[in-house]
Amino acid sequence: MTEDTAYRRLETAVAPASLEAVFELLAQWWPEVGEVPAETRFGFETAVIEIAGNIVEHSRGDADDRRFALELFADSAVLRATFRDDGDPPLLDLETVRMADEDEVSGRGLALASASVDDVALDRDGDRNVWTLESRRT
Amino acid sequence: MLQVDIDTRDGGTVVIPRGRLTMVSAKSFRETVTAEIDRGSGEIVVVDLSQTEFVDSSGLGALVACLKTARQSGGDLRLAAPSEQVTMVLGLTNLDRVLRPRPSVDEAFRD
Numbered sequence: 031m032t033e034d035t036a037y038r039r040l041e042t043a044v045a046p047a048s049l050e051a052v053f054e055l056l057a058q059w060w061p062e063v064g065e066v067p068a069e070t071r072f073g074f075e076t077a078v079i080e081i082a083g084n085i086v087e088h089s090r091g092d093a094d095d096r097r098f099a100l101e102l103f104a105d106s107a108v109l110r111a112t113f114r115d116d117g118d119p120p121l122l123d124l125e126t127v128r129m130a131d132e133d134e135v136s137g138r139g140l141a142l143a144s145a146s147v148d149d150v151a152l153d154r155d156g157d158r159n160v161w162t163l164e165s166r167r168t
Numbered sequence: 002m003l004q005v006d007i008d009t010r011d012g013g014t015v016v017i018p019r020g021r022l023t024m025v026s027a028k029s030f031r032e033t034v035t036a037e038i039d040r041g042s043g044e045i046v047v048v049d050l051s052q053t054e055f056v057d058s059s060g061l062g063a064l065v066a067c068l069k070t071a072r073q074s075g076g077d078l079r080l081a082a083p084s085e086q087v088t089m090v091l092g093l094t095n096l097d098r099v100l101r102p103r104p105s106v107d108e109a110f111r112d
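Going down the list, the protein sequences come from chains A and B. 31 is the number of the first residue of the first sequence in this note's numbering; add one for each residue after it. 2 is the number of the first residue of the second sequence in this note's numbering; add one for each residue after it.
Bound-form chain B, shown alone (with noise of 0.2 Å):
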């Protein structure tokens, strides 16, 4: 289960993911952050994993997807926040490499 919020800043936009990030529900958050990532074109798209429970190798398949298209359309994507099982499973895969966790949404949008 997991419900994405988009809340519009000057100069990007927070997804925010609440609940879990699997398999079941990877296809549609990857379809509305590319739609948030085409709608604001170039700009800087923070993914807030405060509230994301769970993330899977589907979700970081998302996220490697979405960051993609963030830096093809000329901006970036970054994460924030991420609870201790997201940050264990970016270090597990290396993925904190090239979605290198903030923490905070302040900080995702300064960095």
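If we strip away everything but chain A, and leave its shape as in the complex, we get (with noise of 0.2 Å):
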């Protein structure tokens, strides 16, 4: 017998517009993922909707027609989420990003990621950037 797991993916164009389709897909997701403490749920998807942002924000380049792809995976031990988008690389450092202070308008996306799941990893592989966030169920 097989594992259970649950399995969904889209790939969309980069845009703004493209966070409706993200939330749709998760909430496609979660009756399949069984159950969940709300605390881990409401972390991944706030994780999900943090580096969706970031990509539609930092991955435009010059070209209008750049797209991404999310992948959702889950089995009985681990919530995975893992997006590849083919924009130019981040010029970042995950190692170093901090919570922007109190009185701040922006930077707190990537933060507010790393702090919501238990993982959050950046490769580059070929021309695409490949984003992994995971979240441990127990």
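Source of the hints: derived by calculation from the structure; they are not laboratory data. Even for Gly, the Cβ is constructed at its ideal location relative to N, Cα and C. Check before you lean on any hint, since a few could be wrong.
A few chain A residues that face chain B, going by a derived Cβ cut-off under 7 Å, partial list only [stated by the list, open to error]:
1) PRO46
2) LEU49
3) ALA68
4) PHE72
5) ILE79
6) GLY83
7) GLU132
8) VAL135
9) SER136
10) ARG138
11) GLY139
12) LEU142
13) ALA145
Grab the two chains, each in its own frame, and use the hints to assemble them into the complex.
Structure below.
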């Protein structure tokens, strides 16, 4: 017998309106994932939306036809989101990301994503950026 | 998707964002609330978050910007009745220290 897994994928334009498609994908996926503590669920969803927002905000470059893919995967141990986009490599080091001060209007996205899940990784695979987010279920 | 309702009361305004306050809606939300702050200069603006399903970092930035504008005009901006997700992101970003959420709109006006 194979282990229960839940998998959903979308590929869409690098554009603000695509955030709604990401929310929809999450809404389809959660019922298949099974029981998840509210804190884990809200944290995972927050991190997914922050990374989607980061890709939309920073990866557009000069190409209008850029796209990103999102895969959502769950088994009994982890929740995992993988983003792939063909934007320029982000000029950042996740190790040094820190939360903006309380009076700052911007600069919280990546720090919030990092604080909301157990692991955030950014790798370069050929000409693509690969973001991986993971939350452990236990 | 976000709809913003405005309820004007004695001594203040209640802003009710319904839906998700994200990078898609943060700019127009900020403009709507700034217009209300300008109109009722020096008054209290309460953002009733009971119908706000989700807030991201852009939405948090809009709330911080609105708080600054309200205080510069001699008023204040207060949050009421945040959902579990919103309470979580306010805590993780330490913004619960400056945007101390109150349990209800009435308590936000009293405090």
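Here is how each hint holds up against the structure:
The interface hint given for PRO46/A is met, as the beta carbon of that residue sits about 5 Å from the closest beta carbon of chain B, less than 7 Å. Proximity of LEU49/A to chain B holds as hinted, the smallest CB-CB distance being about 6 Å (cut-off 7 Å). The interface hint given for ALA68/A is met, as the beta carbon of that residue sits about 6 Å from the closest beta carbon of chain B, less than 7 Å. The criterion of a C-beta within 7 Å of any C-beta in chain B is met by PHE72/A, whose closest approach is roughly 4 Å, and the hint holds.
Checking ILE79/A against chain B by beta carbon gives a least distance of about 5 Å; that is within 7 Å, so the hint holds. With its C-beta approaching chain B no nearer than about 5 Å, GLY83/A sits inside the 7 Å limit, and its interface hint holds. Residue-level restraint check for GLU132/A holds (minimum Cβ-Cβ distance to chain B is 5 Å; threshold 7 Å). This hint holds: VAL135/A has a C-beta 4 Å from the nearest C-beta of chain B, less than the 7 Å allowed.
For SER136/A, the shortest C-beta to C-beta distance to chain B is roughly 5 Å, which falls under 7 Å, so the interface hint holds. The beta carbon of ARG138/A is positioned within 7 Å of a beta carbon in chain B (closest approach about 4 Å), and the interface hint is therefore held. Because the beta carbon of GLY139/A sits about 4 Å from the nearest beta carbon in chain B, less than 7 Å, this interface hint is met. Contact between LEU142/A and chain B, as hinted, is supported at the beta carbon level, the nearest pair being about 5 Å apart and thus within 7 Å.
Given the 7 Å rule on beta carbons, the hint for ALA145/A holds: about 4 Å separates it from the nearest Cβ of chain B.
The structure meets every hint from the earlier list without exception.
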